[in-house]
Amino acid sequence: MGKKVVLTGNYSASEAAALCRPDLIAAYPITPQSSVVEYLAGMVHNGKIDANLVQVESEHSACSVVQGAVAAGGRVFTATSAQGLALMYEPYFRMSTLRFPMVMALATREMTSPETVWSGQQDAMSVREAGWIQVYCDGNQEIVDMVIQGYKIAENEKVLLPVNVCYDGFYSSHLTEGVDLPLQEEVDRFLPAVHFNHCVLDPEKPFALDPLTPGPLMMKYRKSHLDAMEAALTVIEEVDKEFGDQFGRYYGGAISEYRTEDADVVILTIGGMTGTGMDAVDLAREQGIKAGLVKIRFARPFPAKRIAKALAGKKAFAVIDRSVSFGWSTGPMYMETRAALTDVDDKFAHFSAIGGLGGADISLDRMLGTIKKLDTVKNEPGQKETQWYMTD
Amino acid sequence: MAEHLHITPIGNDGIYCLDTASWRVYRPVMDKEKCVDCGICLAYCPVNAIIGTSDKKYEITYDYCKGCGICANECKKGAITMVPEGSGK
Amino acid sequence: MSYIDVLREAKDVVTPGMSACQGCGGELILRTVLQVSGKNTIVGIPPGCMAGAGVVGWNYANGLEIPVHIPLLDNTASFLTGVSQMYERKGRTDVNIVAVAGDGATADCGFQSLSAAAERNEKMLYVCYDNEGYMNTGYQRSSTTSRGSRTSTTPIGSVINGKQQHQKYLPLIMSMHGLEYCATASPSHMADLVAKVQKGLAASKKGFAYLHVFSPCPTGWAYKSEKAIEVARKAVASNVFPLWEMDENGYKLTENKNPISVAEFVQGIGKFKNLTPEVIESIQKVADARYETLRKLSAK
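As they're listed, the protein sequences go chains A, B and C.
Using my numbering, the letters of the first sequence map in sequence onto residues 1 to 392.
Using my numbering, the letters of the second sequence map in sequence onto residues 1 to 89.
Using my numbering, the letters of the third sequence map in sequence onto residues 1 to 300.
It cannot be assumed that every hint is accurate.
Claimed, not checked - Footprint (simulated), chain B over chain A, 3 or more residues, beta carbon under 8 angstroms: (1) 202-213; (2) 329-337.
Claimed, not checked - Residues from chain C shown here face chain B by an in silico Cβ test under 7 angstroms; the list is partial: (3) Pro16; (4) Gly23; (5) Leu28; (6) Arg31; (7) Gly57; (8) Trp58.
To be verified - Covered stretches of chain A, as calculated for chain C (at least 3 residues, CB under 8 angstroms): (9) 44-58; (10) 69-83; (11) 87-94.
For the record, the hints were derived by calculation from the structure and aren't laboratory data.
Glycine included, every Cβ here is placed at the ideal spot set by N, Cα and C.
Using the sequences plus the hints, can you model the full thing?
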C-alpha cells in the first residue's frame with residue numbers, strides 16, 4: 001500500500017512523475033499547469049529527486065529539450081496547457097512521429113479567443129491528429145496512476161509513442177483530493193528502467209536521426225505509427241490489468257462503464273465531468289429512467305470497438321463535450337462516437353451536448369436534463385439538436 | 001541492408017553520396033613544377049577533393065571535385081589552372 | 001601543428017558527394033568544423049543549405065559518419081540542450097555536442113531558443129554559417145542580410161530597391177549572454193577559423209560556445225564560384241565582417257588598421273549591383289561604427 005496524502009491535481013501529476021525517475025524535466029509556466037513544474041523544481045532543488053531540470057524560455061523549447069533528451073536515451077517529463085500546447089505544436093507533432101516515448105501532463109484549458117485562462121478541453125482536442133496517445137482523467141488518484149501507467153504504455157515496444165495525461169484545468173488541477181501515493185519501490189517494480197534504444201544518438205553507433213524521407217517510405221512510417229496506435233488499444237488494457245493487480249485500482253482500460261448493463265439511455269463523458277455524470281445517472285435511476293454512463297478515457301487511440309460494444313442494444317445516447325468541433329455544430333467526441341457506430345448509427349436516438357467552455361459549469365441539473373431528453377426521444381432514432389449548457 | 005522496422009526514421013545503411021564530379025565544367029589541373037606544397041588549396045577546397053600525400057605534397061582528386069575554381073583562384077603561385085572538361089588537355 | 005597539418009591529417013566525416021553549390025562556403029565550414037571536432041561528435045543541422053544538401057541523410061542512408069539530427073528550423077539549441085544534458089548525466093562529457101546552423105535558423109526564428117540556451121550556458125558549440133539569407137529556399141532576406149542586398153523578398157524594384165534595413169549584428173548580441181566563448185571567423189582566414197573551432201570545442205565542455213562564421217555564397221550573392229574566398233577575405237578587410245573573439249579574458253579584436261572601403265568590397269557582387277552611393281555610405285558608417293565599438297570593447 002502507498003502513502004495517503006492530500007494533493008491537488010497538479011501536485012498529483014508532479015509526485016507521480018517524480019516516482020517514475022525522470023532523467024530530465026523541462027519547466028515553463030502557464031496557467032493552470034504552472035504548479036506541476038514548480039513542484040518538481042522544488043523536488044530537484046531540495047535533492048528529493050535526481051533529475052536534470054531545464055528552465056526553458058517557452059513551451060516550444062520545453063518540448064524540444066525533452067526531445068533532445070529522449071534522443072540521447074532519457075526518460076523525460078513536462079507539462080503544459082492551451083496556448084503553451086499550441087506554441088509547442090511543431091516539436092509536439094515531431095515527438096510522436098519520431099516515435100519518442102514520454103509523458104506530458106496537460107491541464108486542459110480553453111483556447112483563446114475570447115481571452116481566457118479557464119477550463120475546457122479545446123487544447124487537447126485540437127491535437128488529436130498529432131499522433132500522441134491521450135488519456136483523460138477525472139480525479140487526482142487517476143492522474144497519479146495514469147502518469148505512472150503512461151510511461152509503461154509509452155515505452156512498450158509495440159507502442160513507442162508519447163502519452164498526454166489530460167485533466168481539467170482548475171477543476172482537477174487546483175482541487176485537492178485524498179490520494180493513495182504509491183511507494184517508490186512499488187513503482188520501480190511496476191516500471192522498469194528505460195530500455196528503448198531504437199533512436200539513441202551515439203557516436204559509437206552513428207546514424208542519421210530522421211534523414212530526408214521520400215513519400216513511398218514516409219507511407220511506411222505513417223502506417224507503422226497507426227499500427228502502433230492500434231496496438232496501444234491492447235497494451236492499454238494489459239497495463240490497466242497489471243497496474244490493478246499490483247496496486248488494487250482498475251480503471252477499465254480505454255473506457256469505463258457505469259450502470260450501463262440494463263440501460264436504455266447512455267451519456268458519454270470525458271474527463272472531470274464524469275463524477276457529476278454518475279450522480280446524474282443515479283438521480284435519473286431514482287426517477288425511473290434506465291440510464292447509464294460511458295467514460296471515454298482514451299481519445300487517442302479512439303476505443304471505437306469498445307464504445308460500439310458498450311452501446312450495443314441501447315436506445316439513445318448523448319456525448320457531452322467540453323470543446324467544439326468547428327464545422328460540425330457538435331462536440332468532437334460526439335462525432336467520433338458516431339463514427340464508431342457507423343453501421344448502426346441510425347438505430348439510435350442521439351445528440352451532442354456542449355458545456356463547460358472557458359470554465360463554465362457543467363451542472364448536475366444540466367446532465368440530468370440531457371438524460372431526461374434522451375429518455376423522451378429514445379424511440380425516435382436519428383440525430384437531435386445539439387444541447388448547449390448555457391449557464392446564464 | 002539492415003531490416004527496417006519503420007519505427008523512428010533512421011539512416012544507418014551507409015553514406016548517402018552524390019556524383020558531384022558530373023557537375024564539373026572546368027577541371028583544376030596542378031602544375032607540380034610551380035607547386036610549393038603550401039597546402040592552401042587543401043585548406044580552401046569546399047569538397048576536400050585535394051588531399052595530402054605521404055611525401056608531404058598535395059594532389060587533386062576528381063571523384064567529387066565540383067570544379068568551383070577556388071583552388072586555382074587562391075593559389076599564390078598560379079600552379080593550378082582550370083581546364084575545360086573534355087578539351088583533351 | 002599548423003592549421004594546414006590539422007586539416008591535412010583530420011578525417012573528413014562528411015559525405016564526399018553532397019549537393020551544396022560550387023564554391024559553397026557552408027560546405028567548407030561544415031567540413032572544417034567537423035574535421036576539427038572529429039568522430040566523437042553529435043551534430044544538429046537544422047533545415048537550411050547544409051541539411052538540404054543531404055548531410056542529414058536520405059532514405060536509409062546517413063550523410064555523415066557521425067550521429068546527426070535535423071532539428072526544427074527554430075529549436076536547434078533547445079534540442080541539443082537535451083542531448084547535452086543527457087550526455088553529461090551519462091558521464092560522457094567527452095562527446096562534442098555541436099550545431100551547424102544557417103543564419104535563418106540562428107538569428108531569426110531560431111533566436112529565441114538560441115538565446116535561452118546561451119543564457120543557461122548549456123554545454124555545446126553552436127556554429128552559425130552566415131550567408132546572409134535563406135539561401136536554401138532561394139535567397140530570401142533574413143535579419144543578417146546587409147542593407148541594399150537584392151534578395152527574392154527584397155528585390156530591386158522601381159519603387160523599393162533591395163533590403164531597406166541594416167543587418168542585425170548577431171555575434172555581439174550573443175557575446176552579451178555571458179557565454180564561455182564567442183567569436184567571429186571567416187573561411188578566408190583559415191588558421192584563425194581552425195583555432196577558434198578548437199577553442200570553441202574546449203569551451204563547450206564548460207558552457208555555451210558560439211561561433212559566427214562568414215559564409216560566402218556565390219549562388220545567392222551572384223558572383224563566380226572561384227571568388228568565394230576572395231569575397232570572404234574582402235568582407236574582413238573592409239570591416240564589414242571584423243574578426244574578434246571573447247572569452248574569460250574579455251574581447252579581443254583582430255586589428256585591421258588599413259581597411260579597404262565598403263565600395264571596394266561590394267564591387268563585382270551581383271546582389272549589391274544596384275547600390276546607390278548613399279546606401280554604400282550608410283553601410284560604410286555602420287561598418288566603421290561597429291569596428292570602433294569592438295575596438296573599445298577590446299581595449300585593455
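Taking the closest Cβ pair, is Leu28/C under 7 angstroms from chain B?
With a minimum Cβ separation of about 4 angstroms from chain B (threshold 7 angstroms), the hint on Leu28/C holds.
8 angstroms C-beta criterion, at least three residues: is the segment 44-58 of chain A covered by chain C
Per the Cβ count (6), the hint holds.
Taking a Cβ-Cβ distance under 8 angstroms as contact, does the segment 87-94 of chain A have three or more residues in contact with chain C?
holds (count 3)
Closer than 7 angstroms between Cβ atoms is the bar; does Pro16/C clear it against chain B? Give me holds or violated.
holds (5 angstroms)
Does Gly23/C pass the interface hint, meaning its C-beta sits closer than 7 angstroms to a C-beta of chain B?
holds (4 angstroms)
Go check the segment 69-83 of chain A versus chain C for me, would you? Three or more residues, Cβ under 8 angstroms, otherwise it fails.
That given contact holds, which follows from 7 residues of the segment 69-83 of chain A lying within Cβ reach (below 8 angstroms) of chain C.
A closest beta-carbon separation below 7 angstroms is what the hint needs, so does Trp58/C meet it against chain B?
With a closest approach of 4 angstroms, the Trp58/C hint holds.
Would the hint on Arg31/C stand, with a C-beta cut-off of 7 angstroms toward chain B?
Since the shortest Cβ distance to chain B is 6 angstroms, the answer is holds.
Tell me if the interface restraint on Gly57/C is satisfied: Cβ within less than 7 angstroms of some Cβ in chain B.
holds (3 angstroms)
Taking 8 angstroms as the Cβ threshold, is the statement that the segment 329-337 of chain A is covered by chain B upheld or broken by the three-residue rule?
violated (count 0)
With a cut-off of 8 angstroms between beta carbons, are at least three residues of the segment 202-213 of chain A near chain B?
holds (count 8)
Of the numbered hints stated above, the single one contradicted by the structure is hint 2.
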